[in-house]
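Turn these sequences into a full structure, and let the hints steer you where they fit.
Here the protein sequences come in this chain order: F and Z.
Counted from 1, the first sequence has number 353 at position 354 by numbering that gives the first Met the number 0; the numbering is strictly sequential.
Counted from 1, the second sequence has number 85 at position 86 by numbering that gives the first Met the number 0; the numbering is strictly sequential.
Incorrect hints may have been included.
Note: identical chains are not told apart, hence a pair may lie in one copy or across any two.
Claimed, not checked - Pairs of lysine to aspartate or glutamate residues, derived as DMTMM-like cross-links and limited to a Cα-Cα distance of at most 25 Å, are as follows:
hint: 1; residue 1: Lys85; residue 2: Asp535
hint: 2; residue 1: Lys61; residue 2: Asp137
hint: 3; residue 1: Lys459; residue 2: Glu171
hint: 4; residue 1: Lys476; residue 2: Asp605
hint: 5; residue 1: Lys273; residue 2: Asp326
hint: 6; residue 1: Lys106; residue 2: Asp651
hint: 7; residue 1: Lys590; residue 2: Glu512
hint: 8; residue 1: Lys586; residue 2: Glu471
hint: 9; residue 1: Lys213; residue 2: Glu169
No lab work stands behind these hints, which were simulated from the structure alone.
Protein chains: 2
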Amino acid sequence: MKNRQFAFLLLLFCLFLQVTAQAQPLPDALMGFSPTAAATQLSTEKQFDQLLTATNLDEWMKYMSARPHHVGSPYDKQVVDFIAAKFQEWGYEVKIEKFNVLFPTPKLRLLELVEPTPFRAALLEPPVPGDQSSTQTDEALPGYNCFSIDGDVTAELVFVNYGIPEDYEELEKRGIDVRGKIVIAKYQGSWRGIKPKVAAEKGAIGCLIYSDPKDDGFYQGDVYPEGPYKNEYGVQRGSVMDMPLAPGDPLTPGYGATDTAPRLKPEDAPTLTKIPVLPISYHDALPLLEALAGPVAPASWRGALPITYHLGPGPAKVHLKLEFNWDLQPAYDVIATLKGSTYPDEWIMRGNHHDAWVHGAADPLSGLVTLLEEARALAALAKKGMAPKRTMVYCAWGAEEPGLLGSTEWVETHAAELEQKVVAYINTDGTGSGFLGASGSHTLEKFFNEITQTVQDPEKGVSVFERRNARELVDGKPAWSYYELGALGSGSDYSPFFQHLGIASFNLGFGGESAGGEYHTMYDSYELYKRFKDPDFQYGVALVKVAGRTSLRLANAEVLPFEFQHFATTVAGYLGEVTKLADDLRKETEKENRRISTGAYALAADPAEITVIPQPREPVPYFNFAPLQNALTELKAQAEAFEKAAKTNTLDAERAKELNQLLKNMERALTNTTGLPRRPWYKHHIYAPGFYTGYGVKTLPGVREAIEQRNFPEVAEQVTVLANILQGYNAKIAAAVALMK
Amino acid sequence: MKNRQFAFLLLLFCLFLQVTAQAQPLPDALMGFSPTAAATQLSTEKQFDQLLTATNLDEWMKYMSARPHHVGSPYDKQVVDFIAAKFQEWGYEVKIEKFNVLFPTPKLRLLELVEPTPFRAALLEPPVPGDQSSTQTDEALPGYNCFSIDGDVTAELVFVNYGIPEDYEELEKRGIDVRGKIVIAKYQGSWRGIKPKVAAEKGAIGCLIYSDPKDDGFYQGDVYPEGPYKNEYGVQRGSVMDMPLAPGDPLTPGYGATDTAPRLKPEDAPTLTKIPVLPISYHDALPLLEALAGPVAPASWRGALPITYHLGPGPAKVHLKLEFNWDLQPAYDVIATLKGSTYPDEWIMRGNHHDAWVHGAADPLSGLVTLLEEARALAALAKKGMAPKRTMVYCAWGAEEPGLLGSTEWVETHAAELEQKVVAYINTDGTGSGFLGASGSHTLEKFFNEITQTVQDPEKGVSVFERRNARELVDGKPAWSYYELGALGSGSDYSPFFQHLGIASFNLGFGGESAGGEYHTMYDSYELYKRFKDPDFQYGVALVKVAGRTSLRLANAEVLPFEFQHFATTVAGYLGEVTKLADDLRKETEKENRRISTGAYALAADPAEITVIPQPREPVPYFNFAPLQNALTELKAQAEAFEKAAKTNTLDAERAKELNQLLKNMERALTNTTGLPRRPWYKHHIYAPGFYTGYGVKTLPGVREAIEQRNFPEVAEQVTVLANILQGYNAKIAAAVALMK
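Listed below in structure tokens is the structure:
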């Protein structure tokens with residue numbers, strides 16, 4: 000293509016930027032494409048859609064979920080080989096990369112109530128009628144929390160609600176100290192790994208986590224096999240590594256767990272728990288909770304078991320003994336590449352893990368089969384002469400469940416190349432039916448919005464955007480003028496790309512009409528998925544259309560479809576939240592301190608409930624947010640200048656290529672090398688998983704968490720760090736604007 | 000007392016009005032008293048306090064709760080005679096007035112599940128260890144709802160949450176119609192009588208009401224006998240007459256049920272239910288609810304039973320057969336009078352019922368014993384030369400439980416005399432411990448505030464006002480500058496005085512630290528009360544001090560302590576609520592109609608849940624609230640003029656007496672003869688029990704309920720009615736002001 004042609008196309012592309020700013024794009028207007036290219040692209044997408052076959056999703060899920068396939072299991076290797084063979088068959092260049100990662104599995108699990116009445120927990124998930132998968136108990140890993148340390152502890156039990164820091168404040172008011180005790184916490188309310196982390200910080204010596212039926216059992220709906228919710232035996236397995244510190248192999252922090260990599264001793268690994276932890280069913284939890292006395296739990300703590308929830312400590316006394324096989328196991332990453340026809344060194348990456356806790360029909364296979372179908376169709380298009388312009392890299396990650404090990408080790412190993420080449424990473428994981436849920440980089444929000452307007456909801460025959468927007472309206476919220484991307488926290492394989500390397504990312508899936516309690520249990524089976532999640536894989540196909548368009552448009556766009564106004568608006572929202580957080584915390588602290596100092600607290604207290612009046616807290620000072628506000632003002636100005644330049648200026652091909660290079664690296668400019676306080680692995684300063692919430696995102700995390708954790712000197716420090724990052728980012732937009740002049 | 004002296008006293012009283020306006024009264028300043036009289040009064044109150052003996056409360060409760068004493072039972076007559084003898088012993092003139100009232104009792108109660116699995120409800124409350132009272136099952140009335148009609152119905156069951164109108168809207172969205180069905184509703188969420196009333200309006204043919212453990216069973220705390228909450232067998236008895244239409248004997252509406260009174264046939268009595276109703280325990284409800292299929296109940300509907308709550312209809316099919324003895328029974332009112340030394344024709348009335356559903360330790364005896372102790376101490380003071388200046392009338396009402404029968408018939412019989420003589424009616428009923436709860440006429444709010452500042456909380460050693468105010472602060476609400484009286488709805492014997500005759504009233508009690516599930520069950524026993532409610536009767540004594548001061552100050556005040564600024568402020572608050580209600584309803588209707596018309600509702604709906612999209616509703620017009628706003632402006636002006644006149648003017652004795660007459664009748668000016676729409680018995684236009692909430696108060700009820708019920712033409716009508724009443728009221732204040740000139 001000649002320079003002049005390209006400049007002309009860019010001009011037209013810019014005109015379309017203007018058009019698409021009006022929320023409802025013309026059918027032939029695509030961000031990043033000239034009209035001609037857009038027409039081609041739309042035709043490609045139409046053919047892409049026609050290639051999709053729901054029965055493929057069904058067959059592949061059935062095959063891959065036929066046996067338990069956790070990390071290191073024989074069937075996981077078989078799944079890996081199946082995936083690799085498929086990619087090969089479709090024409091991809093396939094590599095299986097193996098990392099040797101720490102993957103403890105249970106050797107001994109003992110939980111017993113020793114006082115007041117002996118009871119031994121069964122710790123079993125029996126087969127249920129009509130679910131053949133659930134009979135494969137021999138091959139399956141039993142209920143356990145991966146990266147719990149070994150332990151043998153006996154102590155009185157304390158019920159700690161969800162086991163998050165606020166819960167311990169309530170306990171303190173009731174004169175309850177968990178030092179030397181074993182705590183029992185409900186699942187949910189935080190990522191599970193937070194519970195033993197906080198419990199250990201508070202001095203507990205052991206931690207049980209159980210699934211209360213209020214959260215995903217009979218309280219929510221009929222239990223398996225009658226319905227999809229957790230029956231009394233279901234146990235949520237899952238990692239309890241300190242993932243908010245860093246995911247990945249605990250023995251090789253920050254670098255790839257290759258054969259030759261140096262390794263920490265497990266006892267020195269900072270992300271292992273400090274105390275033994277075991278997840279249990281509500282069948283096993285009931286006798287323990289029932290044996291507690293002491294104050295009645297606050298109303299919001301109570302679950303759906305037919306008991307009065309008491310806090311303890313005791314008289315229930317519990318013996319917990321755990322021993323694990325501390326083995327290294329292979330994490331296999333399948334990496335399938337289709338070289339780009341035009342920009343081979345610009346990669347669009349697409350990933351989903353393959354390892355499961357047991358059969359993993361929903362998690363991860365429901366997402367993985369959409370990735371495979373996308374890859375199949377895309378390869379078929381390539382064969383018909385519609386090869387992607389950028390290189391497509393499809394990844395099936397191993398060892399995600401224990402803590403994003405396969406993806407993290409791969410990213411750490413290939414960091415230099417990835418920083419050079421990757422334009423964006425698109426993740427899927429478990430998916431269901433109902434409403435499109437999408438989180439991601441807000442520099443791609445406007446781009447992604449276009450896609451949501453074109454893919455149809457299979458149930459309602461309107462766009463997935465329209466359906467999602469109807470949800471807002473029915474919930475009494477203002478209508479969306481565009482699809483509003485959520486912020487990425489953690490919990491799937493985008494983390495190393497996004498938060499560690501600063502690569503623009505998405506995480507996509509459907510949900511809202513497919514809830515259940517099977518997550519990480521023996522019952523996340525093909526049988527359950529087919530009955531309750533997405534029986535005909537219609538939403539699976541819809542996800543292929545959404546994710547496939549995201550891949551294809553990013554792969555084929557003439558100008559990478561990043562822009563900065565949506566990002567500026569989003570950051571303005573976050574900054575508003577953070578300043579409000581400080582104000583609210585200041586007011587609440589003043590109020591609380593006044594309640595304490597005036598004696599109102601003591602006067603209102605029912606002596607049967609509150610026995611310890613809290614100490615006044617350090618008042619919350621006013622913070623200087625001006626550097627952030629000024630950086631944001633500049634960001635808005637630069638975002639507008641970029642928009643204007645994109646609309647009015649033309650570029651020759653060389654400068655266009657340069658522009659793409661700049662754009663591709665923009666997300667990286669939101670990271671720094673030192674990362675977040677006390678967790679340098681997390682380098683992104685706009686989005687991070689919460690240090691005390693786990694998966695849940697904290698936006699502007701350095702500043703926000705300093706406020707939340709009442710670390711007031713750090714607020715000022717982090718304001719400076721973030722303002723500098725934003726100003727550096729602004730300069731990069733300015734460079735892009737200059738390039739377009 | 001000579002005229003000039005009185006005028007002087009009035010002047011001083013007025014000065015004190017000014018002082019007391021500053022919230023913290025001087026210890027010797029009492030509203031309505033000159034300094035000399037105030038000093039005497041305070042000395043009297045001190046002696047009153049010294050006479051009080053907690054063990055009296057204990058002994059009397061023990062005696063009166065020793066056996067079941069419902070309407071018409073032998074032991075109720077014994078309780079009546081006991082009370083009468085006490086009053087006589089103390090020097091009161093005592094009358095026992097008997098009314099013959101309809102009081103149906105169960106002859107046959109049958110409840111069975113006929114499909115899919117046969118089950119017959121036990122309908123029993125077995126004795127519990129450690130509670131001797133609970134063994135007296137032979138004498139006790141079993142669980143039933145009084146004024147349910149006879150019936151024999153078999154139909155599919157539908158779960159209707161609390162059975163209020165909004166609940167049926169949710170059912171409709173799920174395509175569920177209760178016509179021809181039997182509904183099962185939870186207790187709470189409305190007064191119980193609303194449930195069969197609404198169910199019948201919707202076409203149901205039978206109604207079950209059960210106590211969900213979430214509301215007052217194990218979810219809240221340990222159950223009886225371990226703790227005070229409802230065990231699986233506890234059944235809340237209670238009236239289901241259409242009390243919001245009118246309380247009292249259903250056969251003699253609006254007039255006394257004397258021996259010779261004409262009587263309706265039961266089948267013509269408008270306040271009986273239209274369908275048979277039975278209350279059951281959660282033990283008996285569980286198999287029924289468990290047998291329901293159909294959609295899962297909305298999250299907010301679900302209780303604490305260990306099941307998935309389904310809505311039905313069916314497959315559970317229920318057979319309900321009820322037969323009652325439709326007998327007249329005697330309702331005995333004990334009326335004890337101590338003639339006033341100075342104003343014998345001005346009565347201060349004090350009442351509490353004596354009949355119980357079973358033993359009634361808490362309801363009503365905990366309140367009744369405080370009334371008796373007050374009467375004893377007051378009589379003792381009289382013997383020492385400190386007789387009340389106004390006549391004190393102490394009443395122990397019969398047949399309150401079936402629907403305020405004893406008090407209503409008495410009030411209807413003596414209406415003419417009461418309208419002439421009664422200054423105020425002070426009610427107590429069941430009481431416990433913790434925080435003072437007081438509702439009443441806001442023309443006495445300023446007066447009552449003074450009392451709350453002088454009585455000490457027995458647990459915390461501060462005034463009951465301070466403790467109550469600490470509750471506000473801890474709940475994050477603004478501090479109270481004075482004790483804020485609640486508005487009176489219904490549920491105890493003040494209703495005929497207050498809402499029917501327009502006599503200024505109070506309802507007083509303590510609570511907040513004595514919750515339980517014993518209400519109207521076999522377990523409301525002396526044993527339970529002593530363990531869990533107010534073991535040493537310290538809060539009982541505090542209530543005697545509060546209610547006793549209220550009686551004594553009203554009895555002895557030289558100028559009746561009514562004023563109008565607090566009332567004006569309160570009505571302004573109500574008017575603000577009502578205009579906001581209209582605005583909110585308009586906005587919500589617009590939103591909802593938009594959700595329907597745009598299709599958002601249909602698009603967002605999960606087809607597994609919502610199957611019927613509601614029809615758009617009539618838009619809410621703008622209403623002319625100006626007549627009310629103008630009347631309120633005038634009320635504020637007159638209240639201020641009254642305050643000013645009271646501060647600056649003097650009166651001779653004759654005019655002072657006239658002023659007292661005027662003041663005494665002010666509350667009556669808030670009524671009219673026609674009463675509220677469709678329920679003429681309720682004549683008060685500021686406060687009424689809600690037509691669809693029951694006990695719960697609706698302030699400015701004519702206007703508010705017209706809006707709530709979307710009866711838009713009636714809004715304008717009721718605005719006019721209320722504005723006229725308020726303007727008439729303003730004229731009466733003006734007359735009082737003129738009198739003071």
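Return the numbers of the hints above that this structure violates; sort them in rising order. Violated hint: only 6; rest satisfied.
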